[in-house]
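Student: Residue numbers (the numbering used here), protein chains in the order written: chain A, 1 to 148; chain B, 1 to 148; chain C, 1 to 148; chain D, 1 to 148.
Rather than coming from a laboratory, the hints here were simulated on the basis of the structure. Note that the structure is predicted; figures quoted are calculated from it, not measured. Ideal Cβ placement from N, Cα and C applies to all residues, glycine included. Some clues are possibly wrong.
What the hints assert, rightly or not - Quick list of the computed label-pair ranges, beta carbon to beta carbon:
1) D:V124 - B:A112: 29 to 35 Å
2) C:D129 - B:G64: 16 to 22 Å
3) C:G111 - D:N94: 58 to 64 Å
4) B:N110 - D:S12: 35 to 41 Å
5) D:L113 - C:D140: 56 to 62 Å
6) D:K144 - B:N110: 27 to 33 Å
7) D:F137 - C:R9: 35 to 41 Å
What the hints assert, rightly or not - Far from chain C, some chain D residues (derived; all Cβ distances over 10 Å):
8) M78
9) G97
10) N108
11) Q109
12) N125
13) Y133
Protein chains: 4
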Amino acid sequence: MRRKSTAYRPISHLTNEVEGYVLLNEADPLGIVWHGNYIKYFEQGREAFGRQHGINYLDVHKNGYITPIVNVQCDYKMPLKYGDQYKIITKMLNCPGPKIILSYQIHNQNGALVCEGQTTQVFVNLNGDLALYIPKFYEDWKMKVDFK
Amino acid sequence: MRRKSTAYRPISHLTNEVEGYVLLNEADPLGIVWHGNYIKYFEQGREAFGRQHGINYLDVHKNGYITPIVNVQCDYKMPLKYGDQYKIITKMLNCPGPKIILSYQIHNQNGALVCEGQTTQVFVNLNGDLALYIPKFYEDWKMKVDFK
Amino acid sequence: MRRKSTAYRPISHLTNEVEGYVLLNEADPLGIVWHGNYIKYFEQGREAFGRQHGINYLDVHKNGYITPIVNVQCDYKMPLKYGDQYKIITKMLNCPGPKIILSYQIHNQNGALVCEGQTTQVFVNLNGDLALYIPKFYEDWKMKVDFK
Amino acid sequence: MRRKSTAYRPISHLTNEVEGYVLLNEADPLGIVWHGNYIKYFEQGREAFGRQHGINYLDVHKNGYITPIVNVQCDYKMPLKYGDQYKIITKMLNCPGPKIILSYQIHNQNGALVCEGQTTQVFVNLNGDLALYIPKFYEDWKMKVDFK
Numbered sequence: 001m002r003r004k005s006t007a008y009r010p011i012s013h014l015t016n017e018v019e020g021y022v023l024l025n026e027a028d029p030l031g032i033v034w035h036g037n038y039i040k041y042f043e044q045g046r047e048a049f050g051r052q053h054g055i056n057y058l059d060v061h062k063n064g065y066i067t068p069i070v071n072v073q074c075d076y077k078m079p080l081k082y083g084d085q086y087k088i089i090t091k092m093l094n095c096p097g098p099k100i101i102l103s104y105q106i107h108n109q110n111g112a113l114v115c116e117g118q119t120t121q122v123f124v125n126l127n128g129d130l131a132l133y134i135p136k137f138y139e140d141w142k143m144k145v146d147f148k
Numbered sequence: 001m002r003r004k005s006t007a008y009r010p011i012s013h014l015t016n017e018v019e020g021y022v023l024l025n026e027a028d029p030l031g032i033v034w035h036g037n038y039i040k041y042f043e044q045g046r047e048a049f050g051r052q053h054g055i056n057y058l059d060v061h062k063n064g065y066i067t068p069i070v071n072v073q074c075d076y077k078m079p080l081k082y083g084d085q086y087k088i089i090t091k092m093l094n095c096p097g098p099k100i101i102l103s104y105q106i107h108n109q110n111g112a113l114v115c116e117g118q119t120t121q122v123f124v125n126l127n128g129d130l131a132l133y134i135p136k137f138y139e140d141w142k143m144k145v146d147f148k
Numbered sequence: 001m002r003r004k005s006t007a008y009r010p011i012s013h014l015t016n017e018v019e020g021y022v023l024l025n026e027a028d029p030l031g032i033v034w035h036g037n038y039i040k041y042f043e044q045g046r047e048a049f050g051r052q053h054g055i056n057y058l059d060v061h062k063n064g065y066i067t068p069i070v071n072v073q074c075d076y077k078m079p080l081k082y083g084d085q086y087k088i089i090t091k092m093l094n095c096p097g098p099k100i101i102l103s104y105q106i107h108n109q110n111g112a113l114v115c116e117g118q119t120t121q122v123f124v125n126l127n128g129d130l131a132l133y134i135p136k137f138y139e140d141w142k143m144k145v146d147f148k
Numbered sequence: 001m002r003r004k005s006t007a008y009r010p011i012s013h014l015t016n017e018v019e020g021y022v023l024l025n026e027a028d029p030l031g032i033v034w035h036g037n038y039i040k041y042f043e044q045g046r047e048a049f050g051r052q053h054g055i056n057y058l059d060v061h062k063n064g065y066i067t068p069i070v071n072v073q074c075d076y077k078m079p080l081k082y083g084d085q086y087k088i089i090t091k092m093l094n095c096p097g098p099k100i101i102l103s104y105q106i107h108n109q110n111g112a113l114v115c116e117g118q119t120t121q122v123f124v125n126l127n128g129d130l131a132l133y134i135p136k137f138y139e140d141w142k143m144k145v146d147f148k
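Full structure from sequences and hints, please.
Tutor: Next comes the structure, spelled out in structure tokens:
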């Protein structure tokens with residue numbers, strides 16, 4: 001599979017932090033969070049980011065678009081255990097094109113980095129057409145939040 | 001909460017069996033299937049039942065209804081472990097009203113009963129109205145499959 | 001399946017409230033929370049209850065026991081939708097025997113009751129033996145929290 | 001995050017195919033499989049591969065190792081919908097080092113490619129030490145299955 005290096009950097013003020021506790025149903029027989037559940041934590045971070053910065057899934061939908069994820073990746077550094085408290089730090093990367101690229105870092109209660117990952121989303125209108133240009137509402141949002 | 005005794009009995013020919021393997025993501029730190037995941041197995045059984053007997057969710061939807069679950073319950077007898085093979089036996093109960101009541105039994109590879117449960121579904125039309133009578137298409141289906 | 005009526009009542013000071021947002025991965029094609037995911041919300045409530053009252057899963061384990069769930073049930077009243085904020089109210093019932101019975105009520109952001117359910121847990125020691133009497137540590141905990 | 005290009009190629013006879021149906025609980029409000037659930041399908045493929053080729057998680061554990069996932073990635077091409085039947089094709093890549101790299105392709109019932117991804121696993125012994133060399137049992141397995 002193709003793995004490209006991206007040169008995009010986080011936009012320092014477009015970030016969110018949200019916390020949670022590891023539940024029993026999220027941990028596997030080794031007592032650690034099953035690797036696929038971090039993708040749920042990423043979603044928890046992404047939605048908290050969206051609520052904070054006014055770019056939630058429902059905001060996007062109201063403007064006639066959905067933003068499906070076209071790539072996800074995650075590097076695992078150390079495990080979270082059942083009962084641990086975690087913090088998800090979500091950052092928006094300064095991708096100039098018609099895409100939303102978010103990076104995620106998850107830390108445990110001691111501040112250690114547990115994993116980091118990234119999602120890439122595209123804009124698709126309600127007819128199912130991929131947006132080749134940045135939708136107007138998203139340009140407006142970028143202006144408003146000083147995306148650069 | 002209210003727990004009623006139901007007198008309904010299984011209809012012997014309206015049954016389905018489907019098998020699967022316990023995946024790592026379904027087992028908890030004790031190495032056994034997390035209790036909530038049996039609700040997913042019930043769905044696996046319910047959908048296999050629907051495919052076999054022509055009463056799938058999409059069949060129902062085509063006729064202008066959805067069938068939300070209004071009650072679920074499960075009694076746990078013994079654990080399934082990671083790697084176990086399981087069999088789900090789904091049976092339709094002879095409820096005469098505008099409801100679908102299915103019972104589920106899950107067995108492990110040695111034939112031991114792991115858990116048993118039940119779901120109750122009602123008919124709601126696409127305007128969101130609860131059906132107080134049995135929808136025509138479901139009456140027809142009951143005739144066709146000799147529901148009694 | 002057997003459905004017994006329980007006469008146990010909630011102990012008014014042994015309660016917990018915890019809130020969350022419905023995530024996209026928890027909602028189904030109807031845009032509403034998939035019924036099995038309320039069992040996860042019950043766990044979220046149960047663990048928050050355990051942290052508040054000092055009877056967490058890890059507290060129990062330290063004393064040589066696990067507390068597997070032997071029954072779960074849920075009555076659904078109205079749906080939670082993607083993006084909704086929910087509140088889980090967990091209450092301990094005054095069951096006198098060697099069992100933990102918790103009831104759960106989930107409300108949406110308007111205070112409407114979404115669903116209510118119940119879990120029953122038993123005590124099993126680390127050899128896998130079911131406790132027929134209340135373990136000492138749990139008697140002590142009941143004294144401490146004025147369980148009655 | 002770092003994204004390296006890997007030059008490893010699939011080993012043509014170390015492959016597995018397994019099929020399934022998309023369940024309601026796996027689909028999101030758009031009626032399509034939630035992106036994180038493909039990571040579960042990858043696990044379904046990985047475990048079917050392990051059963052077929054004798055390198056299951058439990059086989060590995062019996063030899064004193066666990067094989068945690070240190071990287072996962074997935075590229076999404078088109079959606080699977082509720083009710084679709086899917087096929088997971090899992091292939092082992094010819095990585096010469098102390099790692100297991102598997103690639104996954106998921107197709108729908110029409111044979112269209114839905115997504116492709118990759119997982120990387122390392123060997124950790126039961127003391128928690130990362131294996132810097134290939135464990136003996138895995139060398140033996142590679143000989144037996146003609147890994148090259």
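Student: Each of the hints needs a verdict: does it hold here or not?
Tutor: Against the structure, the hints come out as follows:
1. Taking 29 to 35 Å as the suggested C-beta distance range, the pair V124 (chain D) and A112 (chain B) conforms, at roughly 33 Å.
2. Distance hint check: the CB atoms of D129 (chain C) and G64 (chain B) are about 54 Å apart, inconsistent with the given range 16 to 22 Å.
3. Our hint of 58 to 64 Å for G111 (chain C) and N94 (chain D) holds, since their Cβ atoms are close to 60 Å apart.
4. The hint said 35 to 41 Å for the Cβ distance between N110 (chain B) and S12 (chain D), and at roughly 37 Å that hint holds.
5. Evaluation of the 56 to 62 Å hint for L113 (chain D) and D140 (chain C) yields a pass: the beta carbon distance comes to about 60 Å.
6. In this structure, K144 (chain D) and N110 (chain B) meet the distance hint of 27 to 33 Å, their C-beta atoms being roughly 29 Å apart.
7. Distance hint check: the CB atoms of F137 (chain D) and R9 (chain C) are about 57 Å apart, inconsistent with the given range 35 to 41 Å.
8. Against the 10 Å criterion, M78 (chain D) stays outside the reach of chain C, whose nearest CB is about 17 Å from its own CB.
9. The beta carbon of G97 (chain D) sits about 34 Å from the closest Cβ of chain C, which is more than 10 Å, so the claim that it is off the interface holds.
10. Even its closest Cβ contact with chain C, about 17 Å, leaves N108 (chain D) beyond 10 Å, as expected for a residue assigned away from the interface.
11. The claim that Q109 (chain D) lies off the interface holds: its Cβ sits roughly 18 Å from the closest Cβ of chain C, which is beyond the 10 Å cut-off.
12. Separation of N125 (chain D) from chain C is adequate, the least Cβ-Cβ distance of about 25 Å exceeding the 10 Å criterion.
13. Taking the minimum C-beta to C-beta distance to chain C, about 36 Å, the non-interface status of Y133 (chain D) holds against the 10 Å cut.
The structure is inconsistent with the numbered hints 2, 7, although it conforms to all the rest.
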